[in-house]
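S.K.: Each chain is listed here by its residues.
There are 2 protein chains.
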Amino acid sequence: MPFNLFSTLSNKQILDVNIGLEREGLRVTSEGTLSLTPHPAVFGDKKEHPYITTDFSESQIELITPVFHTTNDAVDFLDSLYNIAALELDNEFIWPQSMPAITPEVEDIPIAIFPNQEKDEQYREYLRNKYGGKKQLISGIHINFSLGDALIQTLYTKTNQQKSYQAFKHDLYLKLTRNYLRYQWFLVYTLGASNTIHTTYEKKCVDTMEEISPETYSNNKAISYRNSLCGYQNKEFIELDYSSLENYVDSITAYINHGVLKDIRELYTQVRLKGKGPVYSTEDLLQDGIEYVELRTIDINPFVKSGLSVADLNFIHLFLLYCIEKEEPPYEKWQLESERNIQKAAVEGQNGQLMLQQNGAEVSIRSWGNEIIQDLLKMNEQYELPFKEVLKAKEDIIHNPEKTYAYKLGQLCKEKGYIEAHMELAKKHRDAAFRERFLFKPYTDMELSTQILLKESVKRGISFGIMDRKENFIELIKGSNVQYVKQATKTSKDQYVAVLIMENKSVTKQILKRNGLQTPEGEEFFDLASAKESIHHWVNRPLVIKPKSTNFGLGISIFPKGAGKESLIQALNIAFREDSAVLIEPFIKGKEYRFLVIGDETVAVLHRVPANVTGDGISTIQQLIDQKNENPLRGRGYKTPLEKIQIDENMKLFLEQQNLTIDSVIPKGEEQYLRENSNISTGGDSVDVTDMVPISFKKIAVEASKSVGANICGVDMIVEDLTDDHSPYSIIELNFNPAIHIHSYPYEGKERNIAYNILQLLELD
Amino acid sequence: MPFNLFSTLSNKQILDVNIGLEREGLRVTSEGTLSLTPHPAVFGDKKEHPYITTDFSESQIELITPVFHTTNDAVDFLDSLYNIAALELDNEFIWPQSMPAITPEVEDIPIAIFPNQEKDEQYREYLRNKYGGKKQLISGIHINFSLGDALIQTLYTKTNQQKSYQAFKHDLYLKLTRNYLRYQWFLVYTLGASNTIHTTYEKKCVDTMEEISPETYSNNKAISYRNSLCGYQNKEFIELDYSSLENYVDSITAYINHGVLKDIRELYTQVRLKGKGPVYSTEDLLQDGIEYVELRTIDINPFVKSGLSVADLNFIHLFLLYCIEKEEPPYEKWQLESERNIQKAAVEGQNGQLMLQQNGAEVSIRSWGNEIIQDLLKMNEQYELPFKEVLKAKEDIIHNPEKTYAYKLGQLCKEKGYIEAHMELAKKHRDAAFRERFLFKPYTDMELSTQILLKESVKRGISFGIMDRKENFIELIKGSNVQYVKQATKTSKDQYVAVLIMENKSVTKQILKRNGLQTPEGEEFFDLASAKESIHHWVNRPLVIKPKSTNFGLGISIFPKGAGKESLIQALNIAFREDSAVLIEPFIKGKEYRFLVIGDETVAVLHRVPANVTGDGISTIQQLIDQKNENPLRGRGYKTPLEKIQIDENMKLFLEQQNLTIDSVIPKGEEQYLRENSNISTGGDSVDVTDMVPISFKKIAVEASKSVGANICGVDMIVEDLTDDHSPYSIIELNFNPAIHIHSYPYEGKERNIAYNILQLLELD
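Residue numbers (this note's numbering), protein chains in the order written: chain A, 1 to 765; chain B, 1 to 765.
Only chain A is shown next, with the shape it has when bound in the complex (with noise of 0.2 Å):
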């Protein structure tokens, strides 16, 4: 059958789409034991926080994705929402697979609390009376599907339509439905992957298994527990009307009638489908018609931190557009068909040989998977889509059973049995959460400040939006405030004037006098020419040159034991290059911190140490850079919160001054700067000194701060001594947009949490 519903719309239009995940997670004590304990409070109200929540155990996690246009985005956020929940456990761990953990008897599990919400709970108590509280803690993945409005758009103007656009867009959605049904089988066999369960799940399932390993038990050629009877399924089959919304509406209604459903919620088909307002009901959907359907066919992948892999949603993407497309046989039994193929397949889809009935005739599942796969990879190749790889791979598990995640679990189970093998794959990706904590997928191309403010406010349950993307500017939301945050510290809180005295180190510096805070006495020029007039005074007294409103270090030279005239002139001019102003000022001894203060506190300290390396006696320079590079919070382009030690002509020149070079064996025990310059950006470390700061300079940041009017400020501070309260100091320079990074993940020291700091001044907390 050739294709033509997408033929000539480009990639970018037939791929327009919404989507939104949800995925729920059992949490389990390292001895992979339902958890008991509550909700962890940092997520704050469960019921208001949009993405993360309880499904119905109080221990079962529910991460819930805003809708994206990308798969891949879907599932960064998916991931990124696992990160948050993973970390924010304590000595506990998100179960990953669809099937339960260790579970205690049913009346031991604990029902979601919702705190003057008695009607959930009370919904909650009737589905486990109904449904038996084990089955109830089944998890798995939905996906809340619906094609942009653009590309419906499109398909109405191309396939020119007698009927209104509205009446489009449901028979797509309902072919769609169909479809998805009389194919739901393929889908179960290509991802399913919970074909083991544990012997303290439902004695009459377990009673139709073998223990395949202790503890653990299977038939040995299931696919997927969850999507067979022993998994969660309405008490009787239910057909339904799908032949237009009315009818759909209508045919659930009298199953209502019935009392087989309490109400529409109590629906567990494979796709529901939905309309666009919040309240799953039949009159709203009526009411606003169709607007996305709901997928809930997908078993956790218990390889995959999330649970669900980008080429999978890719895949399940290419098969909904071939739902749209693919003409229907005119097989009238198909529901009750597509029941029982997808019940078999489910069950005993691992078993090449097994017989599956398709419009009434029999045919092997290998068979017509493979019809199915063909089709899609011509479809793939006919509008040009990028998904032959993920088709390939499943074409080769069509064909080989073993390849699927089930066979591979249950060989998995074999071996280390049922709570080794699943723990095993919670803690490694408890531990891939942890190392990539400080990122926020899908936005790992924003600023680092930013992703750690947005992933600290999706953690406590404040809705964000991306206002401009390459600009870092965001909104967070929690009820009627609204804050508007640039570059995660330019927020609502700082006054535009300070921010432009700040910026103005000349009026900083009036202003922090007045407040009688040491600052450097200097001088400020306006040209080269006056400069040098005045320079004799300078001359030999230590020193540091710099550009009047710069903030990133450029221009900047540092005389530490003075210099002469022509150096001076020199770095005048460098400094020139930078601004139309530029200050002299003597150099202060001693080292020189960032007190990061926020609102009335000074929350971080941070000393900045140049690139160096600790020697063990036997690796050379280059070695032990190689070593301290593989630290994960060190990348390239910031993107990490620290940089990789980078060997240039510089450090070489410096090492030279030593009589080193970057084969040198450093001894043991001995540290070796590699560079003057203790930037960040250039491999030196972060040390987080917070809390060995006497409280006087921590005060006297605060002072700083305030003097300027500033909420947010980064004071930088040279100390002489630090253990002693009454040293001298000098404040440097006042920063508006200091980094966060850099104190939420130091090299060395505690981590603080300084996007709760600012989540607080905003009042979001």
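Don't take each hint at face value.
No distinction is drawn between identical chains; accordingly, a pair holds when it is met within one copy or between any pair of copies.
[What the hints assert, rightly or not] The calculated lysine to any residue pairs, modelled on SDA-like cross-linking and capped at a C-alpha distance of 25 Å, are: (1) Lys532 x Thr70; (2) Lys47 x Asn18; (3) Lys470 x Asn737; (4) Lys706 x Ser549.
Don't read these hints as lab results, they were simulated from the structure.
Based on the hints, put chain B in the right spot on chain A.
M.R.: Chain B only, in chain A's frame:
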């Protein structure tokens, strides 16, 4: 005598000085009668006002400058104070001479009212009773003078003193004072200008003179009645001990103890030694030491708006340096002699044969005067100072009494009568003040908007400081409220993020739309390639192409009738030169208005009209432009509210398209545009339409400003039909740093006091 005290010093070092000026001036009606109305309320509490207060009488305005370091700045500021005061008077004028205008009976002269300050009023009562109310109305100029600290330091080092620095400094000021008193007659002769009085002045003075024209009295050879016995002087000759500060204070105390003076404030010597404190008392003076001298000799110069020219202040400055250097003759009775000399010069100075006493010997005023002027010329030459011109002019006066200010004033009064002569000058000065009402000297190097804000602050008694002159960064202080302001509209009242939102056109639009406000629906591009791909949507549609973040109209192309692909790509190219993001928006029909929102109010609405002339049927375009350019609001280089219309190639081309040249004559009453664009910077007109704009659009502007959280916001709005309050509109842009001068001084329409709106917002009013 060779001068050497200042030798080897640079001009800058020698002229290192602190100068503050005070100038009194009577408020009079347009007929020259002393005003009986209260001090203008706009100046607020006169006791607290640092710059504008009253002296003895409620009608006697006193203008007080801060301390400046150049004569030019001090005079400029005084001149600005004159402008501010003169332009706030409602059909009243500032009397331009030291001797009073038409005065009522003594008991009807209003003594200055100081609510809740009984002591101030009582002291004035005491003075009236003692000296008479008429004399109290005499006005003059006081100069508070000291050498710069660096200069005194240099002199101290140079002369290698055994005594302490403080003692050296005291000796310096004491010598200055003694010599000043010796030569004070010389200043009276060269600068005096109060040689005529009105018939309503004190009878016993009038009786000594002849009526030189109706109601006008003089002896025809006087120079300065203010410095004569008819002026304001102590009841008896006060001889003080100027040998040391202690002796000085002791000798004053003796007069107080004898009841001649009530306290030190009543000491009316020509020079008073003063300490640093705000209180003028013998105790404070003794404790603090001498910080400066107050010179009280100078009459108001009726021919100069502020009452004192820079040239004359330079002359005085040099004279004071001369007094510091000039060796003192050993003659003992110098005080009485100098008192007699000043009286003679004051009353008979125009008589070139007048004989004075010089160390007991007779000498003609001309010959002694010449001696001093030659000394000054020599000093000027030897130290290479730049005052030759004013010295030569004064030399001329020494030889020609008819070149004195006094002679000129006498002649004018003879010709026009006392009142008309002075009122003509008063009105001329007031008109000159009006012509430069938008300026605030000496800060004319700063932006006009900042000058306007400073001017309004000074008017209202708000102290100011210049934090960074080049950056237009100021501070405004009232009581404990310190406000930092940059570029007039960057203040503490705007959130930083509000500014960042306004800076980002796409974020601004998202927020405007959310708030239900109309704004053109456009598209944003980040590179030329993807813009080119989408450009076909926009071909032949009326549109605007603009860079996302510039604020100055750079890189914007407008196609009101649409354009072909090639033109659009060219425009995109231009826009991408200014920013890495470019917007394409539909072009909206209508005229563009600038709504200025401050706080909760649209305080002004402006329409900008392209450079244009209106024909008279006779003049050529060139001539019409020349006439229009004579408007003092028009200047070059943004130093005035409007720019002169400049003829350039663009204009010629524009006219050519209409078959015109700059020599064409435009029919009477016909308006001829000269350019396409309406920028003020290319000679456009600004038209205030505030009172014509329906309230509905003013509310929309406020809503737009509020939507981004702004308190100062320039809303650029296109309105199709301003007469229809339901007209379609579109908000083009929000500006966070709107210029205020365009509203303050429009070409047409009401001048809006925006600076006051800002002060109110800053809670400084």
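S.K.: Next, verify each hint and record whether it holds.
M.R.: Hint-by-hint comparison with the structure:
1. Lys532 x Thr70: between (59 Å within a copy, 24 Å between copies)
2. Lys47 x Asn18: For Lys47 and Asn18, the Cα distance is within 25 Å only inside one copy (24 Å; across copies 70 Å).
3. Lys470 x Asn737: Both: 17 Å inside a chain and 24 Å across chains, each within 25 Å.
4. Lys706 x Ser549: within (20 Å within a copy, 31 Å between copies)
Consistency note: the structure conflicts with none of the earlier hints.
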